[in-house]
Structures are given as C-alpha cells and as structure tokens.
Amino acid sequence: MSEQQGDIERDVMEYDYAIVGGGPAGLACAIRLKEKMPAAEICLLEKGSEIGAHILSGCVMEPGPLDELMPAWRDNPPAICVPAGRDEFRLYTRARSFRLPTPPQMHNAGNYIVALGELCKQLAEHAESLGVEVFPGFPGRHPLIEGEGADMRVVGVRCGDMGLEADGTPEGRPGPAFAAGVDIRAKTTLLAEGCRGSLSKQLIARFKLDRDATPQTYGLGFKELWQLPAGRTTPGLIQHSVGWPLDNATYGGSFLYHLDEDRVYIGFVVGLDYEDPRFSPFEAFQQFKHHPDMRALLEGGEIISSGARTISEGGLQALPRMEMPGALLIGDAAGTLNVPKIKGVHQAFRSGMLAAEHLAASGTPEGYDAAFRASAAGRELHKVRNIRPGFHGGLWLGMANAALETVLAGRTPWTLATHADWDSLETRASARAHGEQAAMAANWHQERSLPPRDRLASVYFANTAHEESQPVHLRVADTSICATRCAEEFGNPCTRFCPVGVYEMVTGEDGGLQLQINASNCVHCKACDIKDPYLIIDWVPPEGGSGPNYQTL
Amino acid sequence: MKILVGIKRVIDYNVRVQVNRDGSGVVKEGVKMSINPFDEIAVEEALRMKERGDANEVVVVSIGPEAAQQQLRTALAMGADRAVLYQSDEEVQPLAAARALLAVVEAEDPGLVLLGKQAIDDDSNQVGQMLAALWNRPQATFVSALEFSDGVAKATREVDAGLENIEVELPAVVTVDLRLNEPRFVKMPDIMKAKRKPLEIKPFAELGVEMPVQLETTLHEPPPKRQGGVKVDSVQALVEALKNKGVL
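Listed in order, the protein sequences are those of chains S and V.
Counting from 4, one number per residue, gives the positions in the first sequence under the numbering used here.
Counting from 833, one number per residue, gives the positions in the second sequence under the numbering used here.
Hints were generated in silico from the structure; no laboratory data involved.
A portion of the hints provided could be inaccurate.
Label-pair distances were calculated between CB atoms; the ranges are [claimed, not checked]: (1) Thr96/S <-> Leu1074/V: 31 to 39 Å; (2) Gly885/V <-> Glu471/S: 33 to 41 Å; (3) Ser365/S <-> Pro1035/V: 35 to 43 Å; (4) Ala977/V <-> Glu471/S: 23 to 31 Å.
Treat the numbers as computed from the prediction; the structure is a model and nothing was measured.
We put the CB at the ideal spot given by N, CA and C, even for glycine.
The task is simple: from the sequences and hints, build the whole structure.
Now the structure itself:
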C-alpha cells in the first residue's frame, strides 16, 4: 500500500458478513447465512463484471448439495443442464484410443452437466431476493487486519480502486475518473475466491494457516464450448481420458461432455507439477483436439466460447486450516475439490453451507475447520486423499495406486505428501545431465487445423477485456531474472504455461531480451502465480469488472 | 430543467457476438448485457449538467424486457433520480421507439432529451432524429461537446468534414457521440442508494403506440470467413500473383 494511497479518503461500509467471491462456495454461504439469520447484513463481492463472468468449470455436478441449498433449481434449470448419460474412460495414444473400465469415482448416474456460470447467476438472483447485497465488478484487494500476534484478526476487506493509471509504479496513480475502493468492515469475512485466491494467499501466509499442511498443488484446466454440425452428439455422454498427448510422467487428461442442441464441452486438465519447462499446457489441449477421434467430432464445428482456470488438487493433506480470527476460507480458496471425482462444485456448496451453519450456531469462525473435516465433505476428501499424490510416480503407478486406494476406500494407513508445483520444473542443466529426454512434443502433430490457431486467437473466445491504461496487475518482483537466470535455467516457462500468452520475451531497445507482460489478455487463471519457478509473480486483481466474460462455461 | 435520457439494454461491447444456429438472431444465452455505451455517455452528460446546475432532475427511460431493470438500476447508481421501464419482450423498431419516446416526452415534459447516437446492436441511428421530427423540436446529433446558456444549447457535432458548431433552442433532442465524456465508475454506496430510488415498470402497451413491422429480418449470417494468405517465394511470384488477381 503506497503512502499516496494511504491518504485517500475511503467510504466505509459495515456488514455482519462479507463474502469475497461469487462462485458456488460464496453464493451457497450467502444464501444459507441469510436463511439462518434473516436480519444479518451480508455483502458479496465479485471481481468479474457480473456474476458468472469468471466462472469456468467442467462441470458434471453432483446435485445433492444444490438440492439442499435451492431445491427449486430443478424447476428452472440453468441455460445448459443435461442429465448425465453413459460414462466412458479412455486411454489415448497418438492415433488410437482404448476403452478402460471407468473408475468408480467417475460414475455420473444422477449427475448433471451444467454451465456453472449460469447456475451462479441464478444463485445470485436467489441470494439477492433474500436480501444479500451482491456487488459484481468489485474485487477484494487487500485484507483489513487489526492487532498483532495472537490478537491479530481480519476485520474486512478493502475493495480495489477504480480508474488508476499506470505510471511506472506498481500501484499507479489516480486518473481523472478515479474512484477509491470502499473499505468493507465485517464481523466475519468469508474468502470464497476459488483456487489460489489473491486475498486467501495473503491470509494463509499471514496467519500461517498451512503450517500443518503439505504444499497445495494445482491443475490448469482448459475448456471450450463447441457448436457442431447436426447429428454428431449423444446428449449426456461423458468421456474422460488419460494418455496422449501427455507422456507417462505428466498428470492430466481430457473431458468431453455431450450437451443438447449439437453442442459439446471439451476440455483438458494438466497437473501443474509437470517437470518439462518446454511443455505448453495450452498446446497439449489443442493436440488432444487433433486426435483422430476428436477431430472427426469437431471438424466443421465452431467454438462458442473458451477459457482456462486453475483448480486446487492438493486434497485433504494440503488443505490449510480453514479458520482464522475474523475469517474463514471456503470452497477452493481452501482447496475442497475432489480430484478423483474431478468435481469441486458439490464440495464448494457444502463448505459454504457448512460455514454458514457453523457461524449461525456458534457466532465465531473457531471450530469450523474441525467441523468441515468431520463433515461429509471432509470425509469424502479423506477417502481419496492418496489418489492424486500417487500419480507423482507417473500414470501407471498412479492408476495402480488409485485402484488400491479405491478398493480400500482410503483405509490405507498412510497419507502421501504433496509437493509444491513451482519447484517441480527440471532445470536445463539437470535435463542435460540426464541426457535430455525427448520432449513430449516430439509425439505431437506438426500441423493443426482446428481453431483457435494460437493462444491469442483463444483470448477472443473468452471475451476478456482490461482497461489498457491501468497498472499491470501481474507483478513480477524481479524482471532481471527473466533474461538471465530463468532463460538459462528454465528457458522462460512463463511464455508457455500461461494459457493466453500474457508473458512474452521480446527484444528490447538495447538489443537484449526482456519480459513483456500483455496483462490485458489475462483470464485470471492464476497459473503464473503458482508455476513460476522463482515465485516472483504475484497476481493481484485488476480494476473491477476486468477479465473474461465467460459465456455458458 | 428536467432531462430525459433514453437507454437501451444491449449485448456488452466486449462480447464476441455470434449468429445462432438457425440464423434467426444472435446468441444471447449466457451473454453479458449492458447499457448501450452511447446511452451511458448520455446518462453521464445529464448527470454532469445536473451537477453544474444546468438541470435539476434526470429521468432515465428504457423500452425492453423485464431484465432491462438492471441497466436502469445502473443508471440510477450513476446518479439518475428515477427510472421508467416500458416493458416489451418484442423487438421495438426505430419508429416505434421514437413514437414511444414521444409519448414519454409528452408525459414528462422535459427541457432536453439526451440519447445515444445509435445502439450498438442494430446500429440504426434513427430514433433521435425521428423523435425530433415527431416532437417538432430541434435536434443536435453526433454531439461531442455541449454547453447551455439562456435556453439555448451550443453543440459541437462530429460530422464527416470535421466538427460543426450549432445552436439549438430548447427543448431539443441531443444524441451523443463517443468523445463527449467518459462515464464515471459506479460506487458501491451509490448502488445501495439506487436500490431505493423509484423504478417504475409499465407495460409498453400503456403508451398506446402502434408497432407496425416495417423491417422484416429474414436471416442473420456471419460475415464470410477470411481466407488465409499465401506465401510466395520471390518477387516475381508476387508480381505474378498480383497480376492474376487483376491488381497490377
């Protein structure tokens, strides 16, 4: 916080509960809080231009928790809502695919393929009708913390300023239309920012909430909505795959969900613990689309929309303590997603509702962490805790371990540790010492014909927009590393892991390479904040309303 | 003076608009909707006039679906005093919109009507002009600067040849262009206040306006896809290729 900004006079708004993030966890919490305590004053902040604008999820949803939250949802389903049909689990090679038995966690009978962004809009309307103040376009920018040491507590959040202009400093200066962000003061603040939330990250560090946890790990997911020529789809068909275009050492796989009206969701998730710094997750997804099976499906179709978002994959052992004085972490801000099920939405709903019920019953965040771990959601995470870390040894060991864990329902006497993603890249020196392994890309297609042509073309389908004059919201603490140490050690992996090409190494005026940050392309996925091997990229929320405007994703 | 500002709910300018499957329209499902950007500039100008003391009331009016309330609420949060929605789920064509606005003008008796120069969905650029004609009052269109003195509006118009300065007697219709101002950010406390400001919803039929269908849209089609370029090996080949195209 610069001094200059410290002088700015700010409006203060007081609430009983302030919720940061208008996704499934935050909205479920808001609704349940208002149901339990109709007199409570509740506000919900959302950095996207509207509720749902930044929501991107697979998403085959288990409907149970939503039935509990808003039983009427089935009478007025979201814009895309297709009952799950047959499940298929496949192994891909470059030219062929093989059907494997579907892992039991991945059976979807009774579930629904939904556009989570649309569902969130409906939940927000419901929350507003109950009296929750919903503020889209207002990011939580700084946590408000009072006291020191044992008395330290969260007392609210400061919203981001609007109308800042870039002036070479990180914070920028107020422009002609400047509007200072409001201070929201609340008895309890609920962080529901989703995976790698910017406030959650600060609070986890400040309150050392991850003291007893192993490092959180992440995946990076891509998703596209396609409109296909008539007659190619089987509404409800759910396909997941492993294998090509990834190698055995890299965790990840595809999803393909057949919708109604000749539409499909197609996507790809890659574990951010991949080791090869030359690897491009975006390109892996595009490669997958060019597998003969996929190409036959997609060719002649059109992309309606696309986007990318990281997901929390660390599970129970990586779950930080979800409570601190004055605040709670809920949903994927903590990391409640169930990786083997590839589902997080039902868990986010549960954690949000549980937080509300806990606060209504006890009046304090204290005890929520234990309550969550003992709840159905916590037990679910316990059962599958060893499956994702088991893939650390590659696909086949991972599958064997997953089978064991599944048969024993997680009753194995051990818990496998997780490893930090930023630390997983192999340096070039080490790769050379190992006799430089063939890059995964050697087994990829040279030519691609399906859109988008490249990452810049894909940005177009995310409807992303940032006011160009604002300060860059991707803060790189030390850009001198880029052309020197990072180029030497890793070959600038940021230029490849970013799904929309925010990071570029360009030739500067002095003829040397330098980092260029195309911040306006950003789709707020947070991969850079996670995967940068020096942990020097800090993702902060840009001006409210910036970022993608996802359409039925 | 009372200012009447007309606003339209349109697909947000950041959205990549796509033609729907049967060509009957564009995809609206899950698409972000906003105030037409030119109309937002009109709202901003009205508010600045009020802040300068040139006006004492700003009324925003919209014709559109029930959901257009959201856009009216945004205008109220920007600072407008009250809002009226004439609800219609059918497409309202320019002449019908102008007639409807005339009925509103007759009821509200404003000293000035501010409109966007056109809506970014159908790009008709007709309503302001038609309203002025129906109302039999002066018009200043494509306005990029606006001042008032003694019942006269001095307007700078953006025209093909450059800028044109005109004076119009009030009441008048002014349609605004992009450079007139930069709309303000909506502030959170003002969003709260806007919830308590009056927003009337009336059936469009109440205006008693006939809606003859004068334009029939038969088909929507995306523009033809651009063909990729070709690479040539030499200058000769380039000249040859250009000759074949008939360019040289």
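Q) Can the suggested window of 33 to 41 Å be confirmed for the beta-carbon pair Gly885/V and Glu471/S? A) 35 Å, holds
Q | 31 to 39 Å as the expected CB spacing between Leu1074/V and Thr96/S, which holds or is violated | A | Between Thr96/S and Leu1074/V, where Cβ atoms are some 46 Å apart, the hint is violated.
**Q.** Outcome for the supplied range 35 to 43 Å, where the beta carbon pair is Ser365/S and Pro1035/V
**A.** 50 Å, violated
Q. Can the suggested window of 23 to 31 Å be confirmed for the beta-carbon pair Ala977/V and Glu471/S?
A. 25 Å, holds
When the structure is compared with the earlier hints, violations turn up for hints 1 and 3 and for no others.
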